[in-house]
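S.K.: Listed below are the residues making up each chain.
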Amino acid sequence: MRAGLLPVSLISAATLAHEVLLMRLFSILQWHHFSYMIISIALLGFGASGTFLAFARRPLVERYPAAFAASAALFGITAVATFAGAERLPFNALEIVWNPGQLGWLAASYALLILPFFFGATCIGLAFSRHSRQIGRVYAFDLVGAGIGALGTVGLLFLVFPYAALRLVAALGFAAAALAATGMACHRWISAGGLGITAVVIAVWLPPYWTAPGPHMSQYKGLRMALEVPNARVVEERSSPLGLLTVVESPTVPFRYVPGLSLANTQEPPAQLAVFTDGDSITALTAYDGDPATIAYLDRTTAALPYRILERPRVLILGAGGGEQVLLALRAGADSVDAVEVNPQMIDLARNRFADFGGDIFSRPNVHLHLAEARSYAATTGERYDLIQMPLLDSFSAAAAGVQSMHENYTYTVEALRDYLAVLRPPGVIAITRWLRVPPRDILKLFATAIAALEADGIAEPGRHLALIRSWNTSTLLVAKSPFTDEDVAAIRDFAAVNFFDISWAPGISASAVNNYNQLDQEYLYEGALALLGPERANFTERYKFDIAPATDNRPYFFDFFRWRALPELLTLRTQGGAAMLDWGYLILVMTLIQAAILSALLILLPLWLRRRTLGGAVHRLRFGLYFLALGLAFLFIEIAFIQRFVLFLGHPLYAVAVVLAGFLAFAGLGSAAAAGWMAGVGRGSAVRAIAVAVVVIAFLAVTYLLALPFIFGQLLALADTAKIAIALFLIAPLAFFMGMPFPLGLVHVGVRSEAFIAWAWGINGCASVLSAILAALLAMQVGFTGVVTIACILYLIAPALLAGSGRYDQKASGLVPDMNATTGE
Amino acid sequence: MGPLAQCQALLAAVLASAATVVSTSAPAQDRLAERTAMIETIKWHARSAPSAIVRQNIDPAVLNTMGKVPRDLFVPEEQRGAAYRDRPLPIGYGQTISQPFIVALMTDLINAGPGDAVLEIGTGSGYQAAVLSPLAAKVYSIEIIPELGKRAAARLAELRFDNVEVKVGDGYYGWPAHAPFDGILVTAAASHIPPPLVEQLAEGGRMVVPVGGPFATQVLMLVEKRRDGSITTRQLLPVTFVPLRGGKAR
Numbered sequence: 001m002r003a004g005l006l007p008v009s010l011i012s013a014a015t016l017a018h019e020v021l022l023m024r025l026f027s028i029l030q031w032h033h034f035s036y037m038i039i040s041i042a043l044l045g046f047g048a049s050g051t052f053l054a055f056a057r058r059p060l061v062e063r064y065p066a067a068f069a070a071s072a073a074l075f076g077i078t079a080v081a082t083f084a085g086a087e088r089l090p091f092n093a094l095e096i097v098w099n100p101g102q103l104g105w106l107a108a109s110y111a112l113l114i115l116p117f118f119f120g121a122t123c124i125g126l127a128f129s130r131h132s133r134q135i136g137r138v139y140a141f142d143l144v145g146a147g148i149g150a151l152g153t154v155g156l157l158f159l160v161f162p163y164a165a166l167r168l169v170a171a172l173g174f175a176a177a178a179l180a181a182t183g184m185a186c187h188r189w190i191s192a193g194g195l196g197i198t199a200v201v202i203a204v205w206l207p208p209y210w211t212a213p214g215p216h217m218s219q220y221k222g223l224r225m226a227l228e229v230p231n232a233r234v235v236e237e238r239s240s241p242l243g244l245l246t247v248v249e250s251p252t253v254p255f256r257y258v259p260g261l262s263l264a265n266t267q268e269p270p271a272q273l274a275v276f277t278d279g280d281s282i283t284a285l286t287a288y289d290g291d292p293a294t295i296a297y298l299d300r301t302t303a304a305l306p307y308r309i310l311e312r313p314r315v316l317i318l319g320a321g322g323g324e325q326v327l328l329a330l331r332a333g334a335d336s337v338d339a340v341e342v343n344p345q346m347i348d349l350a351r352n353r354f355a356d357f358g359g360d361i362f363s364r365p366n367v368h369l370h371l372a373e374a375r376s377y378a379a380t381t382g383e384r385y386d387l388i389q390m391p392l393l394d395s396f397s398a399a400a401a402g403v404q405s406m407h408e409n410y411t412y413t414v415e416a417l418r419d420y421l422a423v424l425r426p427p428g429v430i431a432i433t434r435w436l437r438v439p440p441r442d443i444l445k446l447f448a449t450a451i452a453a454l455e456a457d458g459i460a461e462p463g464r465h466l467a468l469i470r471s472w473n474t475s476t477l478l479v480a481k482s483p484f485t486d487e488d489v490a491a492i493r494d495f496a497a498v499n500f501f502d503i504s505w506a507p508g509i510s511a512s513a514v515n516n517y518n519q520l521d522q523e524y525l526y527e528g529a530l531a532l533l534g535p536e537r538a539n540f541t542e543r544y545k546f547d548i549a550p551a552t553d554n555r556p557y558f559f560d561f562f563r564w565r566a567l568p569e570l571l572t573l574r575t576q577g578g579a580a581m582l583d584w585g586y587l588i589l590v591m592t593l594i595q596a597a598i599l600s601a602l603l604i605l606l607p608l609w610l611r612r613r614t615l616g617g618a619v620h621r622l623r624f625g626l627y628f629l630a631l632g633l634a635f636l637f638i639e640i641a642f643i644q645r646f647v648l649f650l651g652h653p654l655y656a657v658a659v660v661l662a663g664f665l666a667f668a669g670l671g672s673a674a675a676a677g678w679m680a681g682v683g684r685g686s687a688v689r690a691i692a693v694a695v696v697v698i699a700f701l702a703v704t705y706l707l708a709l710p711f712i713f714g715q716l717l718a719l720a721d722t723a724k725i726a727i728a729l730f731l732i733a734p735l736a737f738f739m740g741m742p743f744p745l746g747l748v749h750v751g752v753r754s755e756a757f758i759a760w761a762w763g764i765n766g767c768a769s770v771l772s773a774i775l776a777a778l779l780a781m782q783v784g785f786t787g788v789v790t791i792a793c794i795l796y797l798i799a800p801a802l803l804a805g806s807g808r809y810d811q812k813a814s815g816l817v818p819d820m821n822a823t824t825g826e
Numbered sequence: 001m002g003p004l005a006q007c008q009a010l011l012a013a014v015l016a017s018a019a020t021v022v023s024t025s026a027p028a029q030d031r032l033a034e035r036t037a038m039i040e041t042i043k044w045h046a047r048s049a050p051s052a053i054v055r056q057n058i059d060p061a062v063l064n065t066m067g068k069v070p071r072d073l074f075v076p077e078e079q080r081g082a083a084y085r086d087r088p089l090p091i092g093y094g095q096t097i098s099q100p101f102i103v104a105l106m107t108d109l110i111n112a113g114p115g116d117a118v119l120e121i122g123t124g125s126g127y128q129a130a131v132l133s134p135l136a137a138k139v140y141s142i143e144i145i146p147e148l149g150k151r152a153a154a155r156l157a158e159l160r161f162d163n164v165e166v167k168v169g170d171g172y173y174g175w176p177a178h179a180p181f182d183g184i185l186v187t188a189a190a191s192h193i194p195p196p197l198v199e200q201l202a203e204g205g206r207m208v209v210p211v212g213g214p215f216a217t218q219v220l221m222l223v224e225k226r227r228d229g230s231i232t233t234r235q236l237l238p239v240t241f242v243p244l245r246g247g248k249a250r
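Protein chains in written order, with our numbering: chain A, 1 to 826; chain B, 1 to 250.
Hints are computed from structural coordinates only; laboratory data are not their basis.
Note that beta-carbon positions come from the ideal geometry of N, C-alpha and C, so glycine has one too.
One or more of the hints may lead you astray.
Output of the computed footprint for chain A on chain B, the stretches with three or more beta carbons under 8 Å from beta carbons of chain A [stated by the list, open to error]:
(1) 210 to 224
(2) 231 to 238
Computed footprint of chain B on chain A; a stretch qualifies when at least three of its residues, placed anywhere within it, have a C-beta under 8 Å from a C-beta of chain B [as the list claims (entries may be wrong)]:
(3) 15 to 21
(4) 251 to 257
(5) 431 to 439
(6) 577 to 586
(7) 780 to 792
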């Protein structure tokens with residue numbers, strides 16, 4: 001072999017890059033609840049390839065260079081072709097309630113998208129079989145490639161649009177194929193040359209429309225609808241791993257995007273440019289000529305309330321977006337404005353590209369725009385403020401569909417509110433605006449979260465620190481550092497009355513003063529506020545049909561309102577509007593789990609079961625099977641819990657996925673490579689003993705992290721991104737190193753009993769990986785990260801006991817057996 | 001819901017699906033049976049949604065017109081078979097035709113009388129305007145997407161809904177030439193209610209705004225103008241759902 005193991009690195013990088021890219025592309029095409037589906041699709045492809053190799057390994061390994069090259073080329077072809085095919089399927093997620101036939105299209109996308117992962121994994125599996133004497137080196141190339149793929153894609157997405165990145169990934173597949181082909185016995189140079197030229201052609205020439213997501217974006221996303229309007233056009237587009245930003249101008253029918261505007265307002269908003277993130281979630285850039293009278297309408301939004309009780313405040317805006325809240329602050333006479341925005345491209349659009357359009361407000365001496373994540377900024381700033389504004393940045397339809405429900409959100413947790421309260425100087429106020437949904441969910445959860453935060457700060461009467469008003473479609477909650485005064489309450493009442501807003505809570509409010517202008521069939525918000533502030537709290541939270549218990553850093557699912565017991569009722573009512581009250585994110589996750597369970601059983605377990613006779617006695621089969629099941633579940637439980645935990649530290653889910661995944665891959669690989677030495681030394685030749693010691697170390701480290709991470713994060717949140725990434729990898733290293741051991745050691749143990757069992761073990765492990773990726777997310781929503789990590793530790797600790805009892809075979813074990821599942825993080 | 005109602009609903013559903021099969025094989029046939037079944041389904045839904053209905057039942061006049069308007073002619077060719085099903089349907093351009101029950105509720109809430117002028121923002125397929133047509137003196141409808149507007153106008157003219165006037169344009173400013181309106185229906189989603197529409201609403205008039213995403217109407221909002229000039233809204237759930245377990249069911 002001439003190319004050495006470089007093709008393994010390339011295909012491994014390409015496969016992981018493809019996974020990250022698909023998540024991005026499907027967030028643009030549909031909504032981001034498809035992220036978990038992509039993870040399970042990738043793992044399923046890996047699992048199915050393991051089964052395939054269990055049957056077809058021998059003839060393929062004999063023709064290794066050609067088989068590798070063919071499989072890598074098929075990866076390249078299918079990476080582009082299956083995406084192009086899947087995005088053209090007439091799948092409409094929103095229609096699933098009404099038309100179960102849509103599930104068929106979903107299954108079709110699954111079937112298509114699995115293919116590239118299958119071929120990529122087949123390359124790696126072949127490499128392990130071919131180079132079975134140097135497993136350690138194969139691991140190294142594989143895992144370095146995978147790590148570069150995961151991290152590199154995040155970097156690449158800052159430079160090119162996702163559809164272009166997809167071409168590069170396909171080209172990388174062909175490059176791997178070309179390199180592998182140089183090892184072929186005959187037609188070597190023709191094959192290598194042809195594949196190499198294909199790689200170059202795909203990288204530079206492939207027609208963009210094949211893979212462009214734009215034309216195939218769901219027609220129900222805000223961007224698509226906006227572009228249907230005559231003369232509406234895209235004036236700017238920016239892409240990064242944080243999202244695709246599309247700026248749209250609509251001169252004929254202006255946007256006039258002002259959520260929460262009073263029905264008493266008579267002014268038409270000035271011209272606006274709409275900025276869509278991933279085709280949805282609109283934020284407006286409003287034309288401003290410096291005359292505050294042109295934006296007087298902003299005084300009549302619910303978010304303007306705090307300016308009625310604060311004079312010349314120092315304002316902090318968490319989520320600058322297009323700058324609507326900056327305009328309001330300037331109009332309301334703010335002393336200074338600090339606006340925080342997480343997306344550098346959004347900052348560039350607002351501060352530079354469209355500065356003239358927006359009246360250059362970000363260049364004013366008293367306005368400062370900071371590139372930071374809201375929570376990190378609040379936790380690390382030395383400034384003190386009178387007002388913290390948290391505006392509405394998500395779209396109503398996204399909020400309404402509950403698509404955010406499974407996303408960690410660290411800006412609305414109890415700990416977050418305490419961080420915000422800490423940067424206020426008395427009598428400072430936090431103002432949070434959310435869409436009003438009927439029956440209420442977000443607002444009540446926010447109210448409960450605020451109460452918990454105030455109480456944790458030692459405030460005896462939180463009700464005196466809270467005020468809640470609502471229009472017909474938005475609601476603004478004020479959380480004050482000091483109790484509201486009588487004048488404050490009078491000002492709130494005046495503001496509400498002139499704008500036809502309703503007060504749902506303010507100190508001293510009575511039942512006769514609520515539900516006047518925007519009538520709900522029952523004043524759930526006032527009743528909820530009363531109950532949450534009184535002795536009825538626990539009972540009320542328990543009886544409410546949506547989950548409104550405060551979000552915490554351990555369970556940061558602010559947008560998850562799903563409760564199983566409300567499901568039957570809502571499903572019965574689905575054709576009458578009940579479906580609109582269901583938070584689909586959670587349910588889609590459950591459906592994904594069921595779907596993945598069925599598919600992994602069909603693709604992985606069934607073929608292996610058919611060959612079960614070669615596997616030895618039934619008792620051992622069961623115990624060994626359970627061992628690999630436990631490992632598969634436990635590994636990903638810990639990995640996913642860490643990804644979600646590190647979101648807070650690294651500031652964005654995508655950074656967390658890339659860094660934590662890369663870290664676990666690389667260090668688990670090192671651990672696997674070191675497993676033989678560990679078994680000889682610490683295990684004194686016994687695999688079971690070696691595993692037992694390793695899992696104790698894993699459990700010890702995992703529990704230590706569980707307790708120490710919040711403290712570590714608190715201390716280091718202010719560091720630069722690169723430093724935080726290095727620290728994250730440093731923290732992950734020892735844990736991942738030991739987590740890399742039980743799988744290969746287990747294979748050694750069972751391999752000496754039955755060589756055929758190795759394929760079975762791969763299959764079970766692959767299957768468990770598919771399920772646990774989804775199961776971990778579901779469990780985290782139920783029992784928090786602490787719970788997920790605890791379950792993982794228990795699984796690890798009982799695993800060696802399943803192998804014990806056949807220890808005397810240990811002595812015969814030599815060398816390590818291939819472990820291709822490590823490429824997916826087991 | 002009593003067992004009888006359940007039986008009726010089941011029967012309606014069976015009728016509807018049976019009729020679907022028939023209609024696809026014989027497209028020209030009038031689909032009266034399906035419409036009848038659709039009306040039964042609406043009545044069944046209505047019985048379980050008392051909060052959204054102002055009087056005890058949906059106005060028989062509304063059900064009567066809905067029993068006559070050929071809904072199948074307002075949906076795209078490929079959706080014809082499903083036209084009378086109890087569901088919203090896609091009509092292209094990111095727009096939908098509402099579920100029959102929601103159309104009935106909105107029409108009932110508008111409560112148009114024989115002398116009334118009604119304004120609709122968001123013509124879409126034109127079905128809602130067609131349903132309003134026999135109930136009101138005049139229906140004015142504005143559609144933002146030219147293709148949809150033109151198609152709806154042609155369809156309404158062809159089916160002789162002569163008191164409906166459709167124009168393509170920006171609904172924000174309403175239709176001042178024909179103001180005030182006794183009823184205004186705003187089916188195009190908006191972040192706020194355009195002030196000109198509020199202004200063009202007659203005193204005592206009613207504005208209805210469905211709130212929610214495509215394929216998911218959450219609430220119907222009724223906007224009313226009081227004598228003192230203040231404007232109030234009412235959020236009406238199309239279902240009976242009490243969010244508090246053990247809470248008072250009405």
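S.K.: Count the residues of the stretch 210 to 224 of chain B with a beta-carbon closer than 8 Å to any beta-carbon of chain A: does the count reach three?
M.R.: holds (count 11)
S.K.: Examine the stretch 431 to 439 of chain A: at least three residues should have C-beta closer than 8 Å to a C-beta of chain B.
M.R.: holds (count 3)
S.K.: Count the residues of the stretch 780 to 792 of chain A whose CB lies closer than 8 Å to any CB of chain B, then report whether that count reaches three.
M.R.: violated (count 0)
S.K.: Verify the coverage statement for the stretch 15 to 21 of chain A against chain B, using a C-beta to C-beta distance below 8 Å and requiring 3 or more qualifying residues.
M.R.: violated (count 0)
S.K.: Establish whether the coverage given for the stretch 231 to 238 of chain B by chain A is satisfied; the threshold is a Cβ-Cβ distance below 8 Å, and no fewer than three residues must meet it.
M.R.: Per the Cβ count (8), the hint holds.
S.K.: At a Cβ distance under 8 Å, does chain B reach at least three residues of the stretch 577 to 586 of chain A?
M.R.: It holds, with 5 qualifying residues against the three required.
S.K.: Given as covered by chain B, does the stretch 251 to 257 of chain A meet the bar of three residues or more with CB within less than 8 Å?
M.R.: holds (count 5)
The structure is inconsistent with the numbered hints 3, 7, although it conforms to all the rest.
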